[in-house]
Amino acid sequence: MGWETVIGLEVHVQLATKSKIFSGASTVFGAEPNTQASLVDLGMPGILPVVNEQAYRYAVMFGLAIDAKISKRSYFERKNYFYPDLPKGYQTTQLEQPIVGPGHIQIQLPNGDTKEVRIHHAHLEEDAGKSLHEDFHGMSGIDLNRAGTPLIEIVSEPDMRSSAEAVAFAKKLHSIVTSLGICDGEMSQGSMRFDVNVSVRKKGSEVLGTRTETKNLNSYRFMEEAIALEVERQIDLIEDGGTVLQETRLYNADTRTARSMRSKEEANDYRYFPCPDLLPVEIDDEFIEAARASLPELPDARQARFMDQYKLSEYDVSQLAQYRDTAEYFEKVTKTCKDAKLAANWVTGELASRLNKESLNITHSPVGADQLGEMLLRVKDDTISGKGAKTVFDSMWNKEGSADDIIASKGLKQVSDSGALEAMIDEVMAANTAQVEQYRASPAEKRGKMIGFFVGQIMKASRGSANPGQVNKLLKVKLDG
Amino acid sequence: MSFDRTDVERTAHLARLSINESDIENTTETLTHILQLVDQMQAVDTSGITPLAHPLEAVQRLRADQVTESDQRDAFQQIAPATENGLYLVPKVID
Numbered sequence: 000m001g002w003e004t005v006i007g008l009e010v011h012v013q014l015a016t017k018s019k020i021f022s023g024a025s026t027v028f029g030a031e032p033n034t035q036a037s038l039v040d041l042g043m044p045g046i047l048p049v050v051n052e053q054a055y056r057y058a059v060m061f062g063l064a065i066d067a068k069i070s071k072r073s074y075f076e077r078k079n080y081f082y083p084d085l086p087k088g089y090q091t092t093q094l095e096q097p098i099v100g101p102g103h104i105q106i107q108l109p110n111g112d113t114k115e116v117r118i119h120h121a122h123l124e125e126d127a128g129k130s131l132h133e134d135f136h137g138m139s140g141i142d143l144n145r146a147g148t149p150l151i152e153i154v155s156e157p158d159m160r161s162s163a164e165a166v167a168f169a170k171k172l173h174s175i176v177t178s179l180g181i182c183d184g185e186m187s188q189g190s191m192r193f194d195v196n197v198s199v200r201k202k203g204s205e206v207l208g209t210r211t212e213t214k215n216l217n218s219y220r221f222m223e224e225a226i227a228l229e230v231e232r233q234i235d236l237i238e239d240g241g242t243v244l245q246e247t248r249l250y251n252a253d254t255r256t257a258r259s260m261r262s263k264e265e266a267n268d269y270r271y272f273p274c275p276d277l278l279p280v281e282i283d284d285e286f287i288e289a290a291r292a293s294l295p296e297l298p299d300a301r302q303a304r305f306m307d308q309y310k311l312s313e314y315d316v317s318q319l320a321q322y323r324d325t326a327e328y329f330e331k332v333t334k335t336c337k338d339a340k341l342a343a344n345w346v347t348g349e350l351a352s353r354l355n356k357e358s359l360n361i362t363h364s365p366v367g368a369d370q371l372g373e374m375l376l377r378v379k380d381d382t383i384s385g386k387g388a389k390t391v392f393d394s395m396w397n398k399e400g401s402a403d404d405i406i407a408s409k410g411l412k413q414v415s416d417s418g419a420l421e422a423m424i425d426e427v428m429a430a431n432t433a434q435v436e437q438y439r440a441s442p443a444e445k446r447g448k449m450i451g452f453f454v455g456q457i458m459k460a461s462r463g464s465a466n467p468g469q470v471n472k473l474l475k476v477k478l479d480g
Numbered sequence: 000m001s002f003d004r005t006d007v008e009r010t011a012h013l014a015r016l017s018i019n020e021s022d023i024e025n026t027t028e029t030l031t032h033i034l035q036l037v038d039q040m041q042a043v044d045t046s047g048i049t050p051l052a053h054p055l056e057a058v059q060r061l062r063a064d065q066v067t068e069s070d071q072r073d074a075f076q077q078i079a080p081a082t083e084n085g086l087y088l089v090p091k092v093i094d
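Chains A and B supply the protein sequences, listed in that same order. Reminder that position 243 of the first sequence reads as 242 in numbering that gives the first Met the number 0, one-by-one numbering, no gaps. Reminder that position 1 of the second sequence reads as 0 in numbering that gives the first Met the number 0, one-by-one numbering, no gaps.
Just chain B, with the same shape it has in the complex:
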């Protein structure tokens, strides 16, 4: 699978990363190498093998349904750039 400039730009946009114009070529090449490795792996016959959901051979512990957290809003909001009436303020989202 090859990866071109548009794919890099699109992927960067989806991940909200900005890439310098000068880095695009290099990034495209690097990502193409990674995808070549993926192609190599995909060529292996995996029929009959359960997909791996997690590398550890362990299962999730479940938690009892209890409220264990208390309100720490003031502490958490100290690092927020902008708050008002307890809300976090963000650049206007128009959907």
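The shape of chain A in the complex, shown without the other chains:
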């Protein structure tokens, strides 16, 4: 009898506010250790937190984007535990009355189907600092710059049945929060982190098995690996007559192994209580409606619009519309070159593969959207060939100037002028009389292949500047002559 995997996700999303959730310290990533940790973030006695309005607005925007109920009255609780990167001894979070209530998200599965994943709730909380376990004379180093960075923790229902579904859900969330502009989406900087709850049960069973939680995964690949590993462990355990313990596990991406975080077992009593330092937060309809009015176009709507407006294939749309940055780049290119299909081919093809190869975000592309658009204009008006375009693109990537400058300086302009081309053709035919005779003696169906020889010779003679389409046409007339 087969097993069924049941997965739920808890996703921590760092909100893109300038300052922290309860203090006026900066949230910029990568600062010198502890230079962005204020008295509030350090948990000094006598301090009082004050809630950042923008963090609330961002949480409300997320709630509206997933069709969730927004709590007009919400409040904060203290989740108590001891860890050196949590100086107050508690994390200020929301439990009983979170800002975002139940909602749902549509995900696209690899086979093209869609599925709805329910969101249990999303709450506001503060991030902890970072512990550095490299050896400082047998001690650990603590950087509290991240302490107090606003987070929303998004908690899904256990609606996913495979790691592929979990990854599709994670990607969809990423595209929603980055489209909303409430998170920068930089996974390598920890802007989005995933806790994965996994359990298994016999196929057909309605009862959930005991779940484990694998914490702090910050890439889709790690998530996939950690789930596969945990599912296998649980099935082996049960088939060997054992039982799964509810526990927190840590995945090690270097060794591709996971282990139980034993220390948490006894400390797993967080003793939540309402935070006396913070009053309940009330937001009115005006606040909610203003947030609604500020919602940008969301991925699903954009996908539909791209299909309709640009008449692109489903594949192209799925590549272009999911992320706001890619979508904006594509639309800029299209606006300049006025050819959506051509723009789509380049953005999803050459550009995407170069960005991928150099691990660059499209917003940091060395070739700007306007630049690419102008180059594609030259492809469209036949100034350059497809091959020439690749050369121009490479040069633009290396910051050698605009498309027109590069075409001029590298002599990439195609020769499309019939007179010049005909002269070249005559020359090549005169130099290869044997091949011409052979061609003329061959039946029509063989000529197609043979013409390639002449095209090659002419391209060589013109040092690649001849317009291949034009050459083909003229050659055929002369050879068939």
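Derived by calculation from the structure, the hints in this document are not laboratory data. Treat the hints loosely; a few may be bogus.
Unchecked claim - So, partial list: chain A residues that the calculated Cβ filter (under 8 Å) puts toward chain B:
(1) Ser-22
(2) Ser-25
(3) Pro-83
(4) Tyr-438
If you're wondering where the values come from, they're calculated on a predicted model, not measured in any experiment. Cβ atoms here follow ideal geometry from the backbone N, Cα and C, with glycine treated the same way.
Based on these hints, arrange chain B on the given structure of chain A.
Here is chain B on its own, set in the frame of chain A:
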């Protein structure tokens, strides 16, 4: 609800408090009294009453999202027992 020795030890551990062996009995008794009071309160019918999130009848003022703090690391770290390269050093945490 009764509170026994193990509960006291566990609670003390969670709060990172050390209790003298000789105080445990007394503490257990005191905490049991407090919990008896809680039992008394829990017997009251509170159905239909919204839980109290804060004793004050006021709501939280929200702050504009502006950076108002500057770097005062050197001042803050003067009272830290150990620092290095701007980091606070703590006894090694093994998780």
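- Does Pro-83/A pass the interface check with chain B, least Cβ-Cβ distance below 8 Å? holds, 4 Å
- Query: Hey, does the Ser-25/A contact hint survive, CB to chain B under 8 Å?
  - Reply: holds, 5 Å
- Tell me if Tyr-438/A is really an interface residue toward chain B, meaning its C-beta lies closer than 8 Å to one of theirs. Hint violated; Tyr-438/A Cβ to chain B Cβ min 74 Å, cut 8 Å.
- Message: The hint names Ser-22/A as touching chain B; please verify it with the least Cβ-Cβ distance against 8 Å.
- Response: Hint on Ser-22/A: holds, closest Cβ of chain B at ~6 Å, below 8 Å.
Checked against the numbered hints above, the structure breaks only hint 4 and satisfies the rest.
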